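Asks: Residues per chain are reported as follows:
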Amino acid sequence: MIIFKNVTKTYSNNVTVAKDLNLHIKPKEFVSIVGQSGTGKTTIAKLIYAEERPSKGQIIVGGWDITDIKPKEIPVLRRQIGVVFQDFKLLEKKTVYENVTFALEVCGAKQKHIKKVVPQILKLVGLEKKGERFPDQLSGGEQQRVAIARSLVHMPKIIVADEPTGNLDSINTQEIIDLLLKINNFGTTVVLVTHNRDVVNSLRKRVISIQDGVIISDQKDGKYIL
Amino acid sequence: MMVWLYRTSKLAIQNFWRNLWLSVITLFILILTLFSISMIASLNLAAGQAIQAVKDKVDVDIFFNPQIAESEILRAQVFLEDLPQVKEVTYISQDMALENFKVEHENDVTIQESLTNLSENPLPASLVIRANNLEDYEAILTQFENSEFNKYVQDKNYSNHKLIIDKLSLITKRIYNVGIIVSLIFIFFSIVMVYNTIRVTIYSHREELNIMRLVGATNWFIRAPFLLEGVLYALIASITAMLLIYPIVLLASPYINNLFAGYNFDMLYYFYQYIWQIFTLQLLLSLLLSSGSSMVAIGRYLKS
Numbered sequence: 071m072i073i074f075k076n077v078t079k080t081y082s083n084n085v086t087v088a089k090d091l092n093l094h095i096k097p098k099e100f101v102s103i104v105g106q107s108g109t110g111k112t113t114i115a116k117l118i119y120a121e122e123r124p125s126k127g128q129i130i131v132g133g134w135d136i137t138d139i140k141p142k143e144i145p146v147l148r149r150q151i152g153v154v155f156q157d158f159k160l161l162e163k164k165t166v167y168e169n170v171t172f173a174l175e176v177c178g179a180k181q182k183h184i185k186k187v188v189p190q191i192l193k194l195v196g197l198e199k200k201g202e203r204f205p206d207q208l209s210g211g212e213q214q215r216v217a218i219a220r221s222l223v224h225m226p227k228i229i230v231a232d233e234p235t236g237n238l239d240s241i242n243t244q245e246i247i248d249l250l251l252k253i254n255n256f257g258t259t260v261v262l263v264t265h266n267r268d269v270v271n272s273l274r275k276r277v278i279s280i281q282d283g284v285i286i287s288d289q290k291d292g293k294y295i296l
Numbered sequence: 030m031m032v033w034l035y036r037t038s039k040l041a042i043q044n045f046w047r048n049l050w051l052s053v054i055t056l057f058i059l060i061l062t063l064f065s066i067s068m069i070a071s072l073n074l075a076a077g078q079a080i081q082a083v084k085d086k087v088d089v090d091i092f093f094n095p096q097i098a099e100s101e102i103l104r105a106q107v108f109l110e111d112l113p114q115v116k117e118v119t120y121i122s123q124d125m126a127l128e129n130f131k132v133e134h135e136n137d138v139t140i141q142e143s144l145t146n147l148s149e150n151p152l153p154a155s156l157v158i159r160a161n162n163l164e165d166y167e168a169i170l171t172q173f174e175n176s177e178f179n180k181y182v183q184d185k186n187y188s189n190h191k192l193i194i195d196k197l198s199l200i201t202k203r204i205y206n207v208g209i210i211v212s213l214i215f216i217f218f219s220i221v222m223v224y225n226t227i228r229v230t231i232y233s234h235r236e237e238l239n240i241m242r243l244v245g246a247t248n249w250f251i252r253a254p255f256l257l258e259g260v261l262y263a264l265i266a267s268i269t270a271m272l273l274i275y276p277i278v279l280l281a282s283p284y285i286n287n288l289f290a291g292y293n294f295d296m297l298y299y300f301y302q303y304i305w306q307i308f309t310l311q312l313l314l315s316l317l318l319s320s321g322s323s324m325v326a327i328g329r330y331l332k333s
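Top line first, the protein sequences correspond to chains A and B. My numbering numbers the first residue of the first sequence as 71 and each following residue consecutively. My numbering numbers the first residue of the second sequence as 30 and each following residue consecutively.
Don't read these hints as lab results, they were simulated from the structure. Watch out, some of these pointers could steer you wrong.
[Unchecked claim] Below, computed lysine-lysine pairings styled on BS3-like, alpha-carbon distance capped at 25 Å: (1) A:Lys163 x B:Lys39; (2) A:Lys193 x A:Lys227; (3) A:Lys275 x A:Lys98; (4) B:Lys39 x A:Lys186; (5) A:Lys159 x A:Lys116; (6) A:Lys159 x B:Lys39; (7) A:Lys159 x B:Lys332; (8) A:Lys116 x B:Lys332; (9) A:Lys98 x A:Lys199; (10) B:Lys332 x A:Lys142; (11) B:Lys39 x A:Lys182; (12) A:Lys164 x A:Lys180; (13) A:Lys142 x B:Lys39; (14) A:Lys126 x B:Lys332; (15) B:Lys39 x A:Lys185; (16) A:Lys140 x B:Lys332; (17) B:Lys39 x A:Lys180.
[To be verified] Going by beta-carbon spacing under 7 Å, a handful of chain B positions derived as facing chain A: (18) Met241; (19) Leu243; (20) Val244; (21) Thr247.
Please read all numbers here as calculations on a predicted model, not as lab measurements. A virtual CB, placed ideally from N, CA and C, is assigned to each residue, including glycine.
My request is simple: use the sequences and hints to build the entire structure.
Replies: In structure tokens, the structure reads:
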């Protein structure tokens, strides 16, 4: 599903944040990418959804070589990858329903399709009764569930969650992890970028550990080792 | 396509309203630009028409001795018509000259009475010469004076309109040059203002735009609301500029027409005649300015 071949990412100020990365994430896998802050975890996530381009190497997502992806092809890729962030990135002036709808509207989905899909997704994330609320009327965990709902509306094959529990307390964190596991059980590949030791250890899923931009371990039933 | 247009238009109108003051200032500058350019264009058009009206008035009348036979005058007409600089030569016989004189002074009782008392027609026959160009008259007259027909001439009437035309051209040219500079300044400010407004709009919507990019909106969907916002500016500005220009033309028209009294020139008539062309040009110019600036601003954002 996701293949990195000798991927290196160096920024224009000569700072290398990913060095000669090789990894292969299979379809339907749940993979945690762990490491301390500033080790290059987020860069890996950005490389997957083409927010960043590799300086060297090759990246293949869903059989598509996106190493030199053209700008006009990026929207097509993004509709196949759901992205979730630590800061939720919700529109404060839009309701829960509108935030989720927005993702479909800007991609040209028909109104009929939107009306059918959005309530189903909201039900999946447990927010079917809070569709009319605004983000500031929700808890952190609920806001993150809205963000996950938004990332799911395109029925993506991959979800990239970049520190999705970073702003949440332990109860909300568990709720979000449970939701990601549920989505994974439906067959969606989940890439979880985190530095939360407890979360990673409780998952008992594949763990890729990064240190200074280098993969230092890749365990099938892994633990947080750093 | 309709869904796409509806959604992007909705976003464009939202952008416009949410930055209302900035939008109003941008519109103000754009309207000033259109207004100044329209004024310059109108002045140019009016001056062109006025100069043409003066030029149309220029001709040379050659009056012949009453003893000269009509056949000789007609030969002189052929001679003149053969000159390359001559546009047309009209023969006015003695009878026609008298008729014209009567018509011109039909309200003057004294003249009408004295005409009836005359035993013979005192008015000479004449040839009215129109040249292709104003500068040709002197050459035509020189050639005529060197011809055999010069000896038949009683008098020549060459009113030198060239001086008026030269003066008019000079004044127009000066106003035009100043107008061009003023218009260029306004064009520059318009571009900067629209560009800046769109940049501010982009900045205040950066979260929304980031999310759009993240969820897979195409670049054209992201661009379209800003482009349409530019179109909205252009439409409002060109309509407002026309609404401002119309009463000014209406008020100024009698004064300007007075300046050209006796000439075939009516400012209001020209305004009505060219009203759609003026509006279309204003619309095209404002579209170019506002949508062009919008495209550059959003293009820079999308590249970043």
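Asks: For each hint, tell me whether it holds in the structure or not.
Replies: Taking the hints in turn, this is what the structure says about them:
1. This hinted pair checks out: lysine 163 of chain A and lysine 39 of chain B have alpha carbons roughly 15 Å apart, not beyond 25 Å.
2. A hinted pair counts as satisfied when its Cα atoms are at most 25 Å apart, and lysine 193 of chain A with lysine 227 of chain A qualifies at roughly 19 Å.
3. Distance hint between lysine 275 of chain A and lysine 98 of chain A is fulfilled; the C-alpha atoms sit about 12 Å from each other, no more than 25 Å.
4. Straight-line distance between C-alpha atoms of lysine 39 of chain B and lysine 186 of chain A comes to about 22 Å, which keeps the hinted pair within the 25 Å bound.
5. Note on lysine 159 of chain A and lysine 116 of chain A: the hinted pairing holds, with a Cα-Cα distance of about 15 Å set against a maximum of 25 Å.
6. Distance restraint check for lysine 159 of chain A and lysine 39 of chain B: the Cα-Cα separation of roughly 22 Å lies within the 25 Å cut-off, and the hinted pair is therefore satisfied.
7. For the hint pairing lysine 159 of chain A with lysine 332 of chain B, the CA-to-CA distance comes to about 21 Å; that is within 25 Å, so the pair holds.
8. Under the criterion of a C-alpha separation no larger than 25 Å, the hint pairing lysine 116 of chain A with lysine 332 of chain B is consistent with the structure, at around 17 Å.
9. Our distance criterion of 25 Å between C-alpha atoms is broken by lysine 98 of chain A and lysine 199 of chain A, whose separation comes to about 30 Å.
10. Distance restraint check for lysine 332 of chain B and lysine 142 of chain A: the Cα-Cα separation of roughly 12 Å lies within the 25 Å cut-off, and the hinted pair is therefore satisfied.
11. Between lysine 39 of chain B and lysine 182 of chain A, the direct Cα distance comes to roughly 19 Å. Compliance with the 25 Å bound is thereby established for this hinted pair.
12. For the hint linking lysine 164 of chain A to lysine 180 of chain A, the alpha-carbon distance of about 19 Å falls within 25 Å, and the restraint holds.
13. At most 25 Å may separate the alpha-carbon atoms for a hinted pair to count; lysine 142 of chain A and lysine 39 of chain B meet this at roughly 24 Å.
14. The hinted pair formed by lysine 126 of chain A and lysine 332 of chain B meets the criterion: a straight-line CA distance of about 21 Å does not exceed 25 Å.
15. Proximity of lysine 39 of chain B to lysine 185 of chain A is assessed by CA-CA distance (about 19 Å); at most 25 Å being required, the pair is judged to hold.
16. The suggested pairing of lysine 140 of chain A with lysine 332 of chain B holds, with an alpha-carbon distance near 12 Å, which does not exceed 25 Å.
17. Of the pairs offered as hints, the one joining lysine 39 of chain B and lysine 180 of chain A holds, with about 16 Å between alpha carbons and a cut-off of 25 Å not exceeded.
18. The restraint placing methionine 241 of chain B at the interface with chain A holds, with a minimum CB-CB distance near 5 Å, inside the 7 Å limit.
19. This hint holds: leucine 243 of chain B has a C-beta 6 Å from the nearest C-beta of chain A, less than the 7 Å allowed.
20. Nearest Cβ of chain A to the Cβ of valine 244 of chain B: about 4 Å, under the 7 Å cut. The hint holds.
21. At about 5 Å, the closest approach between the beta carbon of threonine 247 of chain B and any beta carbon in chain A falls short of 7 Å, and the interface hint on this residue holds.
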